[in-house]
Amino acid sequence: MSNDNNPFNILGSDKVPQPGGKAVQEENKTGDLNDRIKNLISSSKIFLFMKGNPEMPQCGFSANVIGILNAMNANYSTFDILSDMDIRQGVKEFSNWPTYPQLYVNGQLVGGNDIIMEMYEAGELESFLK
Amino acid sequence: MVDFSTVESLIKSHIEDAVVNVTDLTGTQDHLGIMIISDAFMGKMLIQQHQMIMDILKEKLGTNEIHAVQLKTMTKEKAKAQGLL
Numbered sequence: 001m002s003n004d005n006n007p008f009n010i011l012g013s014d015k016v017p018q019p020g021g022k023a024v025q026e027e028n029k030t031g032d033l034n035d036r037i038k039n040l041i042s043s044s045k046i047f048l049f050m051k052g053n054p055e056m057p058q059c060g061f062s063a064n065v066i067g068i069l070n071a072m073n074a075n076y077s078t079f080d081i082l083s084d085m086d087i088r089q090g091v092k093e094f095s096n097w098p099t100y101p102q103l104y105v106n107g108q109l110v111g112g113n114d115i116i117m118e119m120y121e122a123g124e125l126e127s128f129l130k
Numbered sequence: 001m002v003d004f005s006t007v008e009s010l011i012k013s014h015i016e017d018a019v020v021n022v023t024d025l026t027g028t029q030d031h032l033g034i035m036i037i038s039d040a041f042m043g044k045m046l047i048q049q050h051q052m053i054m055d056i057l058k059e060k061l062g063t064n065e066i067h068a069v070q071l072k073t074m075t076k077e078k079a080k081a082q083g084l085l
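Chains V and P, in that order, give the protein sequences.
Residue 18 in my numbering sits at position 18 of the first sequence; the count goes up by one each step and never skips.
Residue 12 in my numbering sits at position 12 of the second sequence; the count goes up by one each step and never skips.
Hints are all accurate, no fakes.
Once the Cα atoms are required to be at most 30 Å apart in a straight line, the calculated BS3-like pairs of lysine-lysine come out as: (1) P:Lys-44 x V:Lys-38; (2) P:Lys-76 x V:Lys-130; (3) P:Lys-12 x P:Lys-72; (4) V:Lys-130 x P:Lys-44; (5) V:Lys-22 x V:Lys-130; (6) V:Lys-130 x P:Lys-78; (7) P:Lys-60 x V:Lys-92; (8) P:Lys-78 x P:Lys-44; (9) V:Lys-130 x V:Lys-38; (10) P:Lys-72 x P:Lys-44; (11) V:Lys-45 x V:Lys-29; (12) P:Lys-72 x P:Lys-58; (13) P:Lys-12 x P:Lys-60; (14) P:Lys-72 x V:Lys-130; (15) V:Lys-51 x P:Lys-58; (16) P:Lys-78 x P:Lys-12; (17) P:Lys-80 x P:Lys-44; (18) V:Lys-51 x V:Lys-29; (19) V:Lys-45 x P:Lys-44; (20) P:Lys-44 x P:Lys-58; (21) P:Lys-60 x V:Lys-51; (22) P:Lys-58 x V:Lys-92; (23) P:Lys-44 x P:Lys-76; (24) P:Lys-44 x V:Lys-51; (25) V:Lys-130 x V:Lys-51; (26) P:Lys-44 x V:Lys-92; (27) P:Lys-58 x P:Lys-76; (28) V:Lys-51 x V:Lys-92; (29) V:Lys-38 x P:Lys-58; (30) P:Lys-12 x V:Lys-92; (31) V:Lys-38 x P:Lys-72; (32) V:Lys-22 x V:Lys-51; (33) P:Lys-72 x V:Lys-51; (34) V:Lys-92 x V:Lys-45; (35) V:Lys-92 x V:Lys-29; (36) P:Lys-72 x V:Lys-92; (37) P:Lys-72 x V:Lys-45.
Just so you know, the hints here were simulated from the structure itself, not pulled from any lab data.
Next comes chain P alone, as it looks inside the complex (with noise of 0.2 Å):
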């Protein structure tokens, strides 16, 4: 279990421009859905962006704070034409 803006400001920490949303998938709190905007992500591939954001959360992952998290990355283009931005 853990407290959202915790991970939103650890991967801010990070990632100074990043918007991001944290989704409860499960109601526990420790099955995340994080959505992260940002142009740190621009020009690399999917695999990567995410595997920033797992570096990121490593810590939290391995002492089983967070159980699973789904991710969405994107840069502030895409997530424009998405309408998310």
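Just chain V, with the same shape it has in the complex (with noise of 0.2 Å):
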């Protein structure tokens, strides 16, 4: 059955979406702590900061942006801040927001729930993503 006649393909994509987020871990934890952000955030071109991981949120609105970005079939890889209170502390700071999930796509940093559901919505996001 073709995409155009499948009564489930209500997204209209010829795309399913699929989990493409990657949870990774530092290899090296010693040595500046912005220094360590900034390897973590251009190991990928997107890239999230979040309370848990893609296959297990800890969090609302962590999970609502993997939702979105599952939806979006991009891939990803994202930091759990719940493991690291260097981490969860600095980037704060490195990044002048106070909250998390924090999305970067090369390198800069695009919003957290309410940004990327307002681009979303607003079909702003994906061209971003590409």
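Reassemble the complex: the two chains are provided individually, in unrelated frames, and hints are given to aid placement.
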């Protein structure tokens, strides 16, 4: 059955949403905290600091952003800020942004749940992730 | 707990042309929904727009006068398109 007449294809897409997230850990926890944060962010074009991991988010907002990224078939890496208090505090200061999740694209902070949601609903997110 | 007109004038003291609308999200006057319409946002990404406002509100958030905010920022053009101006 082609996607045109498949009644289950409500997204009108030939792509099925699929989990494209990979939780990463630091290889080296020594050194300057800002360098550690930069190394994490630059490890993937799309990088998410979140509570928990893509399979098991520990917060509704993190889960929501994961859902959006998966719906866009994005490939991304995540870091669980609950696993490291230094990173958890450090990223807030690094980005001048007080809450999690935080989504980075090409090393730039794009937003937390509210902003990602707003961009997604306005149809502005997809071009951003490409 | 914070007086909404204080929040409004605080934002306006930094962004002159701002149209500010404060909503009480929880009935406790410390979880605020704040809509800000200003051309100071022109050409800026949403995250930068929100950061501008968060910097202004930092003090009030630090003292817990405001516990949490949900922001909606937009340029006048965008607000007009949505029928908000």
